[in-house]
Amino acid sequence: MSRRVGMEVAIAAAEAVALCNIDVAAVYPITPNTHVAEHLAEIVAEGRIDSEFITVESEHSALSAVLGAAGTGARTFTATSSQGLLYMQEVMPIASAMRLPVVMVIANRALSGPLNIWNDHSDIMLQRDMGWVSLFAENGQEVVDMLIQAFKIAEHREVMLPVNVNMDGFQLTHMVEPIELPDQAEVDRFLLEYKPYATLHPDRPITMGAFAMPEIFTEVMKAKDVAIVNAKKTILEVWKEWESLFGRKYEPVAAYKTEGAEVVLLTMGSMGETAEVAIDELRREGISAGLLKLKLWRPFPFKELKKAVKGVKVLAVTDRAVSYGGPGGPVCAEIRSALYDEPERPVIVDYIIGLGGRDVSVEDFITMGKRALEAKIKKPREAYKFYGVRGE
Amino acid sequence: MTEKRWPERWQEVNPGCMVFTPGSSQEYHTGSWRAGRKPVWDKSKCIKCGVCYIFCPEGCIFADEEGYFAGDLTYCKGCGICAHECFPEAVTMVNEEG
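Sequence order for the protein chains is Y and P. As numbered in this note's numbering, residues 1 to 392 make up the first sequence, in order. As numbered in this note's numbering, residues 1 to 98 make up the second sequence, in order.
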């Protein structure tokens, strides 16, 4: 039976990984993911799980170490944040090109500079095109659930891709939340044994990460793209199974009170819970507002998004990263592109908000909802707006 | 020179571009990248010192039965380092036909 515990989310993330019977972990601690690294190291040191914890000297080495271990058929895990994720970037496309099922939890944090340790999504948005499956957790429970699901998705024979689970730095990592922690037997039943497609072994020599001539490189990239697009089918299956076992439902685009909504806000990660309160308040004021929460970032859920915005007049996207000099925040740019061919699409407004840990309150969401409604009629619109920036 | 055969369709590529045949790199005949110039050894000037062999970045220079050096043009890219380093001036780069 699952047990309900009050636990810091970063600690719970480490506990969830420990339940997954991992073979090798290599984590270099960086704020705000340090507690994941520390607690997992403790679990291994205490002998609670039979795993190797490699104390590496950098994030580049951490991902390289788990990549090599994954090549031998080990179930592997790493974690990082912000600059650490950037330092891993060089290895990230290799993990996906080699089709190795590494699982990573990212405590999302702003990129330097100026130095800032607080939450936004600029680190993961920069890693958008590394070929990793990318999930966004809304609360501590989702971090735990998604980490266990991540191993099953990553290792599935139809997927064989690295997966990252995103949890907002501090806003999730350092919060103590009530969490249902599944027990070992439940996780074992769900995860099954990892049977790798191929392994490095001296008796059966194979080459992973071979050199590829221009004559073959395009075909390899096409195969990688098809693999991640098709991964959505497996993700949906895994989520369905999770729901039947644990009763908690996961969807690529989760909807909150969007029935007949005129204005719909869209969030990723932990802001969803604040926004829900704002939606209730807007509804009380007689404004038909709803909320969409994007939980699957890669592969992008085109079909589900199109279905979710049917009949919506205004869609207000919140972006926690900036594509400098670009068409708006990265999330909004993708949503605009996804809906471009739709015969009837909502007016889309983009608010860049909550950068570097700036508070986003219920009032902010109420204001955004109301302003977005005005945007429906007022033209021309700005492509994107820094919400709450001083000087405007 | 046998040409490397490529898969007809992307679906035939092994997942992760894994290679299950050891030693298959020998099928990559990188000498086809050579742009027009190849090294030629003059045995009357060669002192069998092996400097060309040591400096060749491709490792494609070998000694024949008599100890004279020659290049394996299957892998030679025509960089000319051997000719540059050969102090007895036994190696010259000559234009290839075609």
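There's no promise every hint is true.
[To be verified] Computed, partial: chain Y to chain P, Cβ under 10 Å:
1) R204
2) E219
3) A223
[What the hints assert, rightly or not] Derived lysine to any residue pairs resembling SDA-like cross-links, with alpha carbons at most 25 Å apart:
4) Y:K257 / P:V13
5) Y:K222 / P:R9
6) Y:K222 / P:P15
7) Y:K222 / P:W10
8) Y:K233 / P:W10
9) Y:K257 / Y:D280
10) Y:K222 / P:T21
11) Y:K195 / P:F20
12) Y:K222 / P:K77
13) Y:K195 / P:N14
14) Y:K222 / P:R5
15) Y:K233 / P:K77
16) Y:K195 / P:T21
17) Y:K233 / P:R5
18) Y:K222 / P:Y28
19) Y:K195 / P:E12
20) Y:K376 / Y:P299
21) Y:K195 / P:V13
22) Y:K195 / P:Q26
23) Y:K233 / P:P15
24) Y:K233 / P:R9
25) P:K77 / Y:F217
No lab work stands behind these hints, which were simulated from the structure alone. Virtual Cβ for every residue (Gly too), placed ideally from N, Cα, C.
Item to check | Which numbered hints fail | outcome: 4, 12, 15, 17, 20, 22
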